[in-house]
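Visitor: Sequences listed follow chains A and B, in order. Taken in order, the first sequence gives residues 1 to 570; the numbers are from this note's numbering. Taken in order, the second sequence gives residues 1001 to 1130; the numbers are from this note's numbering.
It is possible that part of the hints are untrue.
Between beta-carbon pairs, the in silico distance windows are [stated by the list, open to error]:
hint	chain 1	residue 1	chain 2	residue 2	range
1	A	Thr525	B	Ser1115	33 to 43 Å
2	B	Thr1029	A	Lys60	11 to 21 Å
3	B	Thr1047	A	Asp44	50 to 60 Å
4	B	Thr1029	A	Lys36	52 to 62 Å
5	A	Gly205	B	Leu1027	54 to 64 Å
6	B	Glu1062	A	Ala341	48 to 58 Å
Hints were generated in silico from the structure; no laboratory data involved. In this text, a Cβ means the ideal position worked out from N, Cα and C, and glycines have one as well.
Below, each chain spelled out in residue letters.
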Amino acid sequence: MSANASQRISRREVLAGGAALAATTLLPTPSSAAAKYRRWNISDPNCPARVIDSYKKAIKAMLSLPPTDARNWYRYTLIHTIDCPHGNWWFLPWHRGYIGWFEQICRDLSGDPEFALPYWDWTAEPRIPKVMFEDVLDPNNNAFIASAAEFKKQFQDAVAKSNYWSMTKDDDGNPTPSPQYIQMLTRSIRFPEDLWFDIIDSPAGALFFDRGHARGLTATQPDLMIPNKPPEKQGVLKAVSLSTILDALGPRDFLSFGSPKALNHSSASGFAILENQPHNLVHNCVGGAYNGVGGFMQAFMSPTDPIFFLHHANMDRLWDVWTRKQAAKGLPILPDGYPKAAGDAVPDTSDYARWAKEQFVFFVDQKGNPFFDQKGNPTNQATAGEYAAIGAFDYDYSPGSGEEVVPVTPATAVAAIEVQPLRASLSTRQVGNARVAEGSVSVPLQVIQQQAAPQKPTLAATITVDMPATHGHDDLDVFIKGPDGNSIFVATISMFGHHIMQQPVTVQVPLSAAIADLQRTAKFTSSPTLNILVVPSEARVGTTTMNHAGMTVVAPARANEITAISLHQL
Amino acid sequence: MVRRLLYYLAGSSLFISAAYGADPFTLLTLTVPLPMDTHEALWLDATVGALPRGSSLNIETEDGQLIGTISPFGVTALTPQTYKLALPKDAAKGSALRIRVQVQQPDGTMRVPNSQELLGAKLDRENTDN
C-alpha cells in the first residue's frame, strides 16, 4: 500500500484461524508496512468495482439471515441502537470496533476475502454518492422491512430471547445481570418493551422510518443542503468543508479531538468539532431532519441505511489522519498515560487506563459470536483499548480530505535543555483585600527562548494555595511580569464545586504562551528575573477596587494565601 | 496539554434578543481572552440543552458570518451538552466578540432559543495546529 499507510500494531497477535485482535494493549505506531486491506473512497476511479458488488452481496445476505442470527442486518443495527457512545471519549474507538467487525462479517458473507469498506469523503463530495441509490445500497429498496409494525412483528421474539437480557451467576451462585443487561439498564432499557417503545413510540421521535422515508435525500436531490437557505448559511456544507475538517484535526490532545471524558460510554458530556460538526450534521441531513422527509440516519437505528458505514469509515479515516499527524509531530495520540513503548507501565489512575478498560459488550465476530462467555466474562476484543489502533483489522485508507495535516517528514528528535524546578522567592503571600501575592524567579535564557518553539518542552507554574476553611472559592488570576514592568495574563485558577479543603491545594498553570509573549516584546538577551503575581479575578463579597495589569478587579473580603510558587518543565 | 482559560457568560456577557427583518436571534457578548500563542486558536463552547427533534442552533458572527450549526444527533439529550465550534480567525475584534444564536425549526423558520435550549457559551483557547 501507499507511503501513508495506516497505523500498524507493533506487537500484533493474529490468532490462528481467525482475525482476532491482540488481547494486550495495542500500540499504534506509524509504519511503512503494507496493510492487508484498503478502504477506498467510493468515488475514487481506482476503487475496485468488486467493492460495491461485494457490499451489495453482504447486505442481501445479512437481510436474509433469520432474526435470531446476531449478524442479521437489523440485529447488527440494534447493537448501535442500544450501545453506541456519543458525546464522549469512547465515540471513536467504539465506532472503529463496530464498523470493523461489520467489515469482517461482510467479508465472510460476501465471499470476497479482500473486501474492505469504502468510505464517503463528504468534504470532496458533499452529496450522497450516486451508487448509494442503487439496489440494496438504498434503504428504501424493497429488500428492507417496510414498516415499524412489520419490524416489530418479525423481531420481537428474537429480541426477547437474545442475550441482551440474560442473567449469569456470580462466584457465590447468586443470579446477576449479564454485562449486556447491565448496559441495557444503564440506558433505562429494562425489558424488551422498553426497547420497542424507544424504537416505535417514543414521544422524542421514533427510530424506525417506514419505506419511502428511510432516507431523507434522494437520487434527484442528493446534496448535503438545508432547503431554502442561501449558500453562506448552509450549515451542513460548512460542517463538511475543508476548513472545518482542518479545525477538527487541529487539536493537539486526544480529548479535544475525540470528545471529552464521561462517566461511561452510555453518558454524554460534550462534543468535539469532529463529532458535533461533520458527524452530526451529515447524519441529520441524510436522515431528512432538515427537509422533513425523515430517515434512519437521523437517529440510533442509523446503521439500517448502508451509507452509515461509509460515513463512519470516513470518521475513522480522519481519526487515523489525526493519529498520524500527532505521531509525526511527537504529540500524544491517546489519552494521557498511554504506553509509548512495549512494556511501558500504564498507571491505573491514568486517563488512558480509565479509557482503555471501558467494556464494549455487544460486538460480535464474523460468525456472530459474542465476546463474552456464558458466565459473562469477557473473552477478548471487548474493551476500548483494543480499538486504540486499527490493529488486526489490518486496513488502511486511500488518501482523502484532511491528509495534508500529516507532515511529510516526521519531526526530528527534540533537543531541549533539562530544567530543574525553579522555586520562586515570595515577597507577598496574601491574595485579597487589595493584596497581591508575588514571587520572583530567575529563568535561564535558553528556557525563555524555547517556549515559543513547537514541540519543545513547555514550562508551567505550580502554585500552592491555602484557602481559608469553610470559605467559598474565589477565582484567582495569574500574571507574569517581566523586568520592564509589562504584565501578561497567564491563567485563571478556578475551583469546581464546594469542597472543604483540609490542606493547601496545588494547581499548575501553563506559562509558555505568556513567556513567549513577553519574549516577543522584551527580547531578553540574558536570563531575566520574572515575577509571578496572583490576584483575585473578581469578588463575590467586598468592594475594594484595584487596578493591576490593566484590569480592574474587586478584592474578596477574605484572603487566600499563596504558600509556594515554582516553575516546572513539562 | 490543553490550556483552557474559561470566560463564562456570567458577569461579563449579555444576552439580548433582537430581530432584524423576519429572523429573531439572541445576541451574546463574550469576553475575548488575550493573548494567544502561535498554537492557540479561539473556539466557542456552547452549552445546549434539549432541542426539539429536527431543530438546530445556528451560530453566526454579529455581521452574519456562519460559525456553525449545532444539530444534536440521535435521542434528545436529557442533560446539557457542550459543543465546540472553531471561530473564524477574524471573528474577534478587540476585547469582545458578539455572536448571534437562532433556533432553526424543522419547518425552516427561525426563533430565539429559550433558556432551556441555550444554557451558556464561553470562549476557549484551544491548543491546535490549525
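Visitor: Output the numbers, in ascending order, of every earlier hint that fails for this structure.
Guide: Structure breaks hints 1, 2, 3, 5.
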